[in-house]
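Hey, can you work out the whole structure from these sequences and the hints?
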Amino acid sequence: AQTVTQSQPEMSVQEAETVTLSCTYDTSESNYYLFWYKQPPSRQMILVIRQEAYKQQNATENRFSVNFQKAAKSFSLKISDSQLGDTAMYFCAFSAGAGSYQLTFGKGTKLSVIP
Amino acid sequence: GAVVSQHPSWVICKSGTSVKIECRSLDFQATTMFWYRQFPKQSLMLMATSNEGSKATYEQGVEKDKFLINHASLTLSTLTVTSAHPEDSSFYICSARDPMTSESSYEQYFGPGTRLTVT
Numbered sequence: 001a002q003t004v005t006q007s008q009p010e011m012s013v014q015e016a017e018t019v020t021l022s023c024t025y026d027t028s029e030s031n032y033y034l035f036w037y038k039q040p041p042s043r044q045m046i047l048v049i050r051q052e053a054y055k056q057q058n059a060t061e062n063r064f065s066v067n068f069q070k071a072a073k074s075f076s077l078k079i080s081d082s083q084l085g086d087t088a089m090y091f092c093a094f095s096a097g098a099g100s101y102q103l104t105f106g107k108g109t110k111l112s113v114i115p
Numbered sequence: 001g002a003v004v005s006q007h008p009s010w011v012i013c014k015s016g017t018s019v020k021i022e023c024r025s026l027d028f029q030a031t032t033m034f035w036y037r038q039f040p041k042q043s044l045m046l047m048a049t050s051n052e053g054s055k056a057t058y059e060q061g062v063e064k065d066k067f068l069i070n071h072a073s074l075t076l077s078t079l080t081v082t083s084a085h086p087e088d089s090s091f092y093i094c095s096a097r098d099p100m101t102s103e104s105s106y107e108q109y110f111g112p113g114t115r116l117t118v119t
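Heads up: the protein sequence lines correspond to chains R and P, in order.
Following the numbering used here, the numbering of the first sequence begins with 1 at its first residue and continues without gaps.
Following the numbering used here, the numbering of the second sequence begins with 1 at its first residue and continues without gaps.
None of these hints come from the bench; they were simulated from the model.
Hints should not be assumed to be uniformly reliable.
As the list claims (entries may be wrong) - Listed next, the in silico DSSO-like pairs over lysine-lysine satisfying Cα-Cα at most 30 Å (straight line):
#, chain 1, residue 1, chain 2, residue 2
1, P, K55, P, K14
2, R, K78, R, K110
3, R, K55, R, K70
4, P, K41, R, K78
5, P, K66, P, K41
6, R, K107, R, K70
7, R, K107, P, K55
8, R, K73, P, K41
9, R, K73, R, K107
10, R, K110, R, K73
11, R, K107, P, K20
12, R, K107, P, K64
13, P, K55, P, K20
14, P, K66, P, K20
15, R, K107, P, K66
16, P, K41, R, K107
17, R, K55, R, K110
18, P, K55, R, K110
19, R, K55, R, K73
Keep in mind the model is a prediction, meaning the values are calculated, not measured.
Here you go:
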C-alpha cells in the first residue's frame, strides 16, 4: 500500500517570500502521479500542480513549482512570491496509475501567509 | 470546464433519519466518482469508489449498508447516510474523473463538499 507523509503540520511565511512544503511517499510502483491540492477556508479542493513520475523535469505552474526526487521518493512544493490568498491547507496526493485512479492523501500542511 | 457540484452544501438531520447527498459532473461524463470523508483539521479519507452502472467499491472499515452509494448515470452519484447518528457528522466530499482528460493525467475534480450535522 502507498503512503504519503507530510511532516510539517503548520507553516507560516511572510507575504512576498518563498516557502517550501515537504512531502515524501512510499510505493513499489515505477510509474505514478503526484499532486499538490490546496484547500482554502471554503474547503473546495483545488489542484495546484501535478507531476508524472516518468517525467524527470520538475513541473511548474506560475508561482508554484515542485522538486521531484524520484530516488528519494520526495515531492516538495515551492511557493514563490507568497500571497495572502495562498493561505490554505495543502495536501500532497499520490495516484498509482496503471488504471488505479484512487488518490492517497497526506495529512496536510496548514500554510499561513502573514502580511 | 470540469466542474463538479454537490447538493446540499449543508444539512442537519435528526438521529435515526437518512440523508442523501448528490454529486454531479456538470460539463463532462464521469465514469468514476469517489466519495471522501473529512473530519475537522484532518485529511481526506476515501470511503468508496463509484463506477457508473455497477456496485461501488468500499474501503476497508466503511459500512456499505450505512453509506449507500448509487451511480445511476454518467453525471450523477448519490451517497445516502442511513440511520444517521451524531458520529456520522462530518464533511463529505465527492470527486470525479473525466475519462477524456484523466486518462493521461489521473486528475480528479472535486465538488465543494457537504457538511452533515446529525443531532
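Comparing the hints with the structure gives:
no. : hint            : verdict
1   : P:K55 to P:K14  : 28 Å, holds
2   : R:K78 to R:K110 : 14 Å, holds
3   : R:K55 to R:K70  : 10 Å, holds
4   : P:K41 to R:K78  : 22 Å, holds
5   : P:K66 to P:K41  : 24 Å, holds
6   : R:K107 to R:K70 : 21 Å, holds
7   : R:K107 to P:K55 : 29 Å, holds
8   : R:K73 to P:K41  : 26 Å, holds
9   : R:K73 to R:K107 : 17 Å, holds
10  : R:K110 to R:K73 : 22 Å, holds
11  : R:K107 to P:K20 : 27 Å, holds
12  : R:K107 to P:K64 : 25 Å, holds
13  : P:K55 to P:K20  : 17 Å, holds
14  : P:K66 to P:K20  : 12 Å, holds
15  : R:K107 to P:K66 : 26 Å, holds
16  : P:K41 to R:K107 : 9 Å, holds
17  : R:K55 to R:K110 : 28 Å, holds
18  : P:K55 to R:K110 : 36 Å, violated
19  : R:K55 to R:K73  : 14 Å, holds
Checked against the numbered hints above, the structure breaks only hint 18 and satisfies the rest.
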